[in-house]
Amino acid sequence: MNTLEQEQILLKGLAGNDKNSIESIYRENYGTIQTFVLNNNGSVDDARDIFQEAMIVLFEKAGMDSFTLNCQIKTYLYSICRRLWLKRLQQLGKFSTQVENLEDITPVETDVEEHEKRNDDFILMEQAMSKIGEPCKSLLDAYYLQKKNMQELAIEFGYTNADNAKTQKYKCLVRLKKIFFAQYKNA
Amino acid sequence: MDDILLLEEVESYLRGEMTPEEKNLFERRRKNDAELDQLVVEHTYFLQGMETFGSIKTFKHSLTEVEAQLISEGLIGLTPLNGKAKIIFLWKKHKRNIAVAASIAGFISILASGILVTYTRKFGNENYRVLVDQLNKTNREVNKLKSKDAIENAGIEKPEVDFRATGFLIDGKGYLITNAHVISRMKNIYIENRKGDFYKAVALYSDKEVDLAILKITDTTFKAVGNLPFSIKKGNSELGEQFFTLGFPRNEIVYGEGYLSAESGSDGDSSAYQLNVSANPGNSGGPVINGKGEIIGIITAKDAKADGVVYAAKSRNILTLLDKLKKMDDQYQVIKTPNKTDLKKLDRVHQVKKMEEYVFMVVGN
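Note that the protein sequences, when read in sequence, are chains B and P.
At position 39 of the first sequence the residue is numbered 38 (numbering that gives the first Met the number 0), and the sequence of numbers has no breaks.
At position 341 of the second sequence the residue is numbered 340 (numbering that gives the first Met the number 0), and the sequence of numbers has no breaks.
These are computed hints drawn from the structure, not numbers from a lab.
Watch out, some of these pointers could steer you wrong.
When the alpha-carbon atoms are kept at most 25 Å apart in a straight line, the in silico DSS-like pairs for lysine-lysine are as follows [stated by the list, open to error]:
1) B:K147 - P:K56
2) P:K344 - B:K147
3) B:K147 - P:K222
4) B:K170 - P:K56
5) P:K352 - P:K222
6) B:K130 - P:K215
7) B:K130 - P:K339
8) P:K325 - B:K18
9) B:K136 - P:K56
10) B:K136 - P:K343
11) B:K86 - P:K56
12) P:K335 - P:K233
13) B:K146 - P:K344
Short derived list, chain B residues pointing at chain P, Cβ under 8 Å [to be verified]:
14) N16
15) E22
16) Y25
17) R47
18) I55
19) F121
20) K170
21) C171
22) K177
23) I178
All of these numbers come straight from a predicted model, not from anything done at the bench.
Glycine is no exception: its CB is placed at the ideal position from the N, C-alpha and C atoms.
Next comes chain B alone, as it looks inside the complex (with noise of 0.2 Å):
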């Protein structure tokens, strides 16, 4: 097997949260990473940071169907990771000292900014789930991110029976687009 092919396989499991394949990216990469940061200001924090950061835009590709990566993982989590940590110091005001090898190895730039553009809806979506209070937030989350059925939601959160828990998940339902377009709109 060459190395685009692990890469690709690497990237299937990334995409489809595998652990094994977070860990072997994680191992491969993050002391480069690590060593980049704390030679242009940052701390073993900041490193865990951004990496984490890089590693959610990477995932995020990764999920598209139209995704293609063309260079190497390595090199595409060091673009991005550069990117990211250049933003941070220039939004600290701490850009005094140079950074090195500023010019891009590859082009992130689009990347970066659509990363940030879903960050933002994650935000807000994470704002509007903390203010619904219980249980909706269980019931939201059972339903839609866990995918549980209406039967199992009954069981669970005790409703007598599963037309009774779809009436209550519709309601919170109303409530957090509610909450969650106000904030879009304001922000």
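Chain B is already provided as a structure; the job is to place chain P on it using the hints.
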């Protein structure tokens, strides 16, 4: 209710659960009804948002787990090889001979569990008991006996100690939190780890009002510890929140669990919580940790008369105290409290296993 029925219809349409006739009908309605069309578009967008949210959340969870494992293996958190100090885990599991003496030690220290020093705080509640363990002679002898088990000693030679309480790291460079009343009894302060190594420590800041103190290990033999896996909660915790505690009511770390029973401490003290948990002399200064791995409080005292009524300083006081210390002396700007918890998704046993590496005995004379 109409809204709900409509939503139900939209969802079943989006999921392709409609019969061809239903679908036809629905699409015709959609064409003629701009509002319905708008709802379909909006709901599609929203459901996609939920979908992405869910998958990223699950993925983040996996990332955290993998990261936690690599941290415990030492792959993450090590300073790269450029000559800087190597960070090792102080609590690296050590093959330790738990001799019979040690088990006797535990037994005796329950029996002889310290003479309580009564200590009336600002509130004047006569039943307010702080939880420092004053060691009597038997304890000390047992301590000595036990220390002979320690094969290698990293710290200083074992000091004679009269008091024992608990403390925990808030920065791997050797900064700890304990209670003000703990160190107010001690002329010399030592930190003892589970291997029986002692390190000299000094109090940098102490605040009697909230009953907290910041310590710094001054021994150069102390090796800094990597990233702490817990965080310190800034906000208030809610009534009924479940937590666990770790502390040294005996010469061995002891686990306890309970729930938050009131949002204020003794006599309405708003800087403290009332907890329902078992605590004994020696538990003072121990962390109170919620299920997410956030420190929510620090055990300070208990009510001598009421059963299971224990008081804990609220965690935000740690941060206030640190701010004061930093204002007082610029050199302490380097203290960085942990703000990310790696414990969120672990089960309790693993949470405790990780946590206990950062909880120490604070002893002194």
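Hints and how they fare:
1. Restraint check: the Cα-Cα separation between K147 (chain B) and K56 (chain P) comes to about 17 Å, which is no more than 25 Å; the hinted pair holds.
2. Using a Cα cut-off of 25 Å, the hinted pair K344 (chain P) and K147 (chain B) holds, with the two alpha carbons roughly 20 Å apart.
3. Between K147 (chain B) and K222 (chain P) the CA atoms are separated by roughly 49 Å; this puts the pair beyond 25 Å, and the hint is violated.
4. A distance of roughly 23 Å separates the Cα atoms of K170 (chain B) and K56 (chain P); the hinted pair therefore holds under the 25 Å criterion.
5. Simply put, K352 (chain P) and K222 (chain P) have alpha-carbon atoms about 20 Å apart, close enough for the 25 Å limit, and the pair holds.
6. In summary, the hint linking K130 (chain B) to K215 (chain P) is not supported, as the alpha carbons are separated by about 40 Å, beyond the 25 Å threshold.
7. The straight-line distance between the Cα atoms of K130 (chain B) and K339 (chain P) is roughly 22 Å, inside the 25 Å bound, and the hint therefore holds.
8. Distance restraint check for K325 (chain P) and K18 (chain B): the Cα-Cα separation of roughly 42 Å exceeds the 25 Å cut-off, and the hinted pair is therefore not satisfied.
9. Distance restraint check for K136 (chain B) and K56 (chain P): the Cα-Cα separation of roughly 14 Å lies within the 25 Å cut-off, and the hinted pair is therefore satisfied.
10. For the given pair, K136 (chain B) sits about 18 Å from K343 (chain P) by alpha-carbon distance, which is consistent with the 25 Å threshold.
11. Under the criterion of a C-alpha separation no larger than 25 Å, the hint pairing K86 (chain B) with K56 (chain P) is consistent with the structure, at around 23 Å.
12. The suggested pairing of K335 (chain P) with K233 (chain P) holds, with an alpha-carbon distance near 14 Å, which does not exceed 25 Å.
13. At most 25 Å may separate the alpha-carbon atoms for a hinted pair to count; K146 (chain B) and K344 (chain P) meet this at roughly 20 Å.
14. A hinted interface residue such as N16 (chain B) counts as satisfied when its beta carbon comes closer than 8 Å to some beta carbon of chain P; here the least separation is about 6 Å, so the hint holds.
15. A distance limit of 8 Å between C-beta atoms decides the matter here; for E22 (chain B) the minimum to chain P is near 5 Å, and the interface restraint holds.
16. About 5 Å separates the beta-carbon of Y25 (chain B) from the nearest beta-carbon of chain P, less than 8 Å, and the hint is met.
17. This hint holds: R47 (chain B) has a C-beta 7 Å from the nearest C-beta of chain P, less than the 8 Å allowed.
18. With 8 Å as the threshold, the beta carbon of I55 (chain B) comes within range of chain P, its nearest partner Cβ sitting at about 6 Å, so the hint holds.
19. Hint status for F121 (chain B): holds, given a least beta-carbon distance of 6 Å to chain P, under 8 Å.
20. At its closest, the beta carbon of K170 (chain B) sits 7 Å from a beta carbon of chain P; the interface hint therefore holds under the 8 Å criterion.
21. Checking C171 (chain B) against chain P: minimum C-beta separation of about 11 Å lies over 8 Å; hint violated.
22. The criterion of a C-beta within 8 Å of any C-beta in chain P is not met by K177 (chain B), whose closest approach is roughly 11 Å, and the hint is violated.
23. With its C-beta approaching chain P no nearer than about 11 Å, I178 (chain B) sits outside the 8 Å limit, and its interface hint is violated.
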